[in-house]
Each structure stands twice: as structure tokens, then as C-alpha cells.
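With the hints as a guide, bring the two chains together.
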Amino acid sequence: GAGVSQSPRYKVAKRGQDVALRCDPISGHVSLFWYQQALGQGPEFLTYFQNEAQLDKSGLPSDRFFAERPEGSVSTLKIQRTQQEDSAVYLCASSPTTVTDTQYFGPGTRLTVL
Amino acid sequence: GESVGLHLPTLSVQEGDNSIINCAYSNSASDYFIWYKQESGKGPQFIIDIRSNMDKRQGQRVTVLLNKTVKHLSLQIAATQPGDSAVYFCAENNFGNEKLTFGTGTRLTIIP
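Here the protein sequences line up with chains X and Y, keeping their order. For any residue, its number in the working numbering is found by taking its place in the first sequence, counting from 1, and adding 751. For any residue, its number in the working numbering is found by taking its place in the second sequence, counting from 1, and adding 6.
Same shape as in the complex, but just chain Y (with noise of 0.2 angstroms):
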């Protein structure tokens, strides 16, 4: 069936130093997409959306870039913290079908 799958399943990333996430999606069909932010024993939090009719969304340090053309999706996180050290996982589904497809999800981990 059609999934959702990451190009890394580990980032390290310096503290201070910008992160990019990137996901790839199969099905054309797919109208919105999420990134999720899950840590350690927590449930996935929502971090940021985007709609099949934008290119680009930009949230607070995080910007979701969407490149339909290619089925591409990317989350960039600014000045990256400690705190940003989690698994993140970006999600698709699209109108009329309510559930949403993960991918197996990139962990990222900031280095002091």
C-alpha cells in the first residue's frame, strides 16, 4: 500500500547549528501533511502542518518545506536546543480518508 518513508533514520546535530528532516511520500493523492515530535515514553506532539496547496510554512524555529513535484518533504529546525533531541515523524493523509500514514521516523540528537 502506499507509505510515507525517511531518508535517515539519525541526524547529530550541534547545538546552534540548523537541522533538515527529510521525508519522502508516495502517494500523489496525499493533501496534508504533519510533523510530529515524539519523545521518549510521550506521545507524538504536533509540531507543524502544511496543505498540498502551499510550498513552504513557517512555524516558530521550524519551517516545512513541500516539494510535490518530487513527493518530498522536509522540516528545518532553527538554532536547534537540547530540547529538540527527539524522534520526528512526518504523516500524510489526505481529504476523505481521516487516518493518518507515518513514516518509521528520523531521530535526531543535539549535541552540546
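In isolation and in its complexed conformation, chain X is listed as follows (with noise of 0.2 angstroms):
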């Protein structure tokens, strides 16, 4: 069956613009995370989504920062007035159930940030 799939797979935005990044989690997955992963580092926890519910939010960097998922099923990550400091890979995983179970890595989106 398909995947996690995110769009764009790369992304190039010049400092000060916004910008937004989509997450389609495998069908019927309850749970929703955003990671990010800087160059060369193991991906560190954003948000998490149960359903369209977001229940955790501490690893957003700052308030520029913005998730939703609206319906429960597709996501959207949105980085304001972006940075350099930005720059990495932005990965999406889904999982079946509510509680601790296997998370479901999409390809991610590169963000890169002039």
C-alpha cells in the first residue's frame, strides 16, 4: 500500500518568505509527528497530531512555526518569515494507533533557506 508521501520533496525560499509543507499519512493512521532533521543529525520531534487534534507542540522552534490537520488525515506545516537557521529536512510520520506503536517515516521536504 502507499506510504507517508510529503510535497514538495524540495523547497528554496529566500529569507523572510513563508512557507508551506504537506504531509499524506498512511490511510487510516491516527497519529500524526513532524520531526525536523538538521544536516548530519538524527530527527528531532516537532508536534504530534491524534486525529485532528494537536496534543504536542513543544518542539516547535518558535512561533513561527505552525501545524494543523484539519480533517485528520492530511497535515500541513507552515514556517513563517523564514531563516536561515531553517534549513533541513522536515519529515512527517504516521502511525495506526494512539498509543506507542512503529511511526511510519515519509521522504521528508529539504528545505533550504537563502
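The set of hints was computed from the structure by calculation and includes no laboratory data. Don't take each hint at face value.
Think about it this way: if two alpha-carbon atoms lie no more than 25 angstroms apart in a straight line, the pair counts; the simulated BS3-like pairs of lysine-lysine are [to be verified]:
#1 808/X - 105/Y
#2 48/Y - 74/Y
#3 829/X - 105/Y
#4 62/Y - 105/Y
#5 829/X - 765/X
#6 48/Y - 762/X
#7 77/Y - 48/Y
#8 62/Y - 77/Y
#9 48/Y - 105/Y
#10 829/X - 48/Y
Counterexamples of contact, computed for chain X against chain Y with all Cβ distances above 10 angstroms [stated by the list, open to error]:
#11 770
#12 778
#13 807
#14 811
#15 829
#16 834
#17 851
#18 856
Beta carbons: idealized from backbone N, C-alpha and C, even for Gly.
Rendered as C-alpha cells:
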């Protein structure tokens, strides 16, 4: 079956621009996660949704980062007024249940802020 | 805060040999551990997981060992193949805290 998909795969933005990154989770998966991965590092947690409810946003670096999942399926991570330090790969993952379970990752969106 | 770390950043293994990748974790409350494989330009791919009520779990060519006493996790890959070349991450979380905490990764290179 189809895995987690993300779009765009690559995004180049000028400093100060707003960007929107999309995640399509595996169909029927209840939980959705966003992670940020800097070059040469492991992914770091940003935020977590259970259906449409955002239950944990403790990893969002600043109030310029905003995520939503309005219908409990597709999610969008928005970054306002991008800065160079926002350059990273943004990974989306989904899992089938609401308890500790395997998270399946998408290919990521590589964001480069010039 | 709590973190998951790895002993070795790089590992080179001859094709056909077995490889062992190690990971130390510091959160004693962690009860679920996962190994992921990440190839260049791709997202992390699930390999195998283990819960804290187990010491060992086997998959196809892979075995994960968990030593809760010393908070150590290892991934054994048998009869390595060129396609095993990638960065391997261990990750952990605990019940009620859904986010995964990742280590920095070990780059495994298979020498033909």
C-alpha cells in the first residue's frame, strides 16, 4: 500500500518568505508527527497530532512554526518569515494507533533558506 | 534533557560479515525502542522494534538486543549486503509520551 508522502520534496525560499509543507499520512493512521532533521543529525520532534487534535507542540522552535491537521488526515507545517537556521529536512511520520506504536516516515521535504 | 546516544559514528564491515551497531540511552522510563535505517535522500525506514519486557527480538537478518540494566541497545545485521550501507538510528519513547527521541546515527559502510 501507499506509504507516507510529502510535498514538495525540495523547497528553496528566500529569507523572510513563508512556506507550507504538506504531509499525506498512511490512510487510516490516527497519529501524525512532524520532525526536523539537520544535516548529519537525527530527527528531532516538532509536533504530534491525534486525529485533528494537536496534542503536543513542545518541539516547535518558535511561534513562526505552525502545524495543522484540520480533518484528521492531511497535515500542513507552515513556517512564517523563514530564517537560514530553518534550513533542514522536515519529516512527517504516521502511526496507526494512539498508543506507543511504530512510526512510518515519509521521504521528507528538504528546505533551503537563502 | 533525556537523550539517546550512539557509541560509534561510523562502521565499515566486509560484505558477508556480521555487523553490530550499539546505542546507549539515558531515560530509564523508556519502554519502547526502534531501529531505523536511513539512506541518502530518504526518510527513516523501520527495521525492528523491541519493548522493555523483552531482551531480544529477531527479524530477517536482524536482531535487536536490549540490556535494561546498563541501558544499552544493539542492532546485529547478519551476512551484510551492499544494500545495508546507510545511517542507522536508534530511537526511544515511553508510554504516554508519543514522540520519539533519536540518537545522532551510525553510518554503516559495506565494503565489497
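Practice task
Could you check that no beta carbon of chain Y comes within 10 angstroms of the beta carbon of residue 807/X?
Solution key: violated, 7 angstroms
Problem - Distance rule for residue 856/X, whose beta carbon must clear each one in chain Y by more than 10 angstroms - result: Per Cβ check, residue 856/X is inside 10 angstroms of chain Y; nearest 4 angstroms; violated.
Practice task
Grab the minimum beta-carbon distance between residue 834/X and chain Y and tell me whether it stays above 10 angstroms.
Solution key: holds, 23 angstroms
Problem - Restraint check for residue 829/X with residue 48/Y, where alpha carbons must lie at most 25 angstroms apart - result: holds, 21 angstroms
Problem - Restraint check for residue 829/X with residue 765/X, where alpha carbons must lie at most 25 angstroms apart - result: Answer holds: residue 829/X to residue 765/X is near 15 angstroms, not above 25 angstroms.
Practice task
Could you grab the alpha-carbon distance between residue 48/Y and residue 762/X and see if it respects the 25 angstroms cut-off?
Solution key: holds, 15 angstroms
Handout entry: Assertion that residue 851/X lies farther than 10 angstroms from chain Y (Cβ)
Key = Its Cβ does come within 10 angstroms of chain Y, the nearest being 5 angstroms, so this is violated.
Problem - Satisfaction of hint between residue 105/Y and residue 808/X, Cα-Cα up to 25 angstroms - result: holds, 10 angstroms
Exercise for the section: Assess, step by step, whether the Cα of residue 829/X is no farther than 25 angstroms from the Cα of residue 105/Y, and give holds or violated. Expected result: Holds: residue 829/X and residue 105/Y sit about 20 angstroms apart, inside 25 angstroms.
Problem - Pair hint residue 48/Y and residue 74/Y, alpha-carbon separation not exceeding 25 angstroms - result: violated, 31 angstroms
Problem - Interface exclusion of residue 778/X relative to chain Y, criterion Cβ beyond 10 angstroms - result: Since the minimum Cβ distance to chain Y is about 18 angstroms, residue 778/X lies beyond 10 angstroms and the statement holds.
Problem - Pair hint outcome, residue 62/Y versus residue 77/Y [Cα-Cα no greater than 25 angstroms] - result: With Cα atoms ~14 angstroms apart, residue 62/Y and residue 77/Y stay inside 25 angstroms; holds.
The earlier numbered hints that this structure contradicts are 2, 7, 13, 17 and 18.
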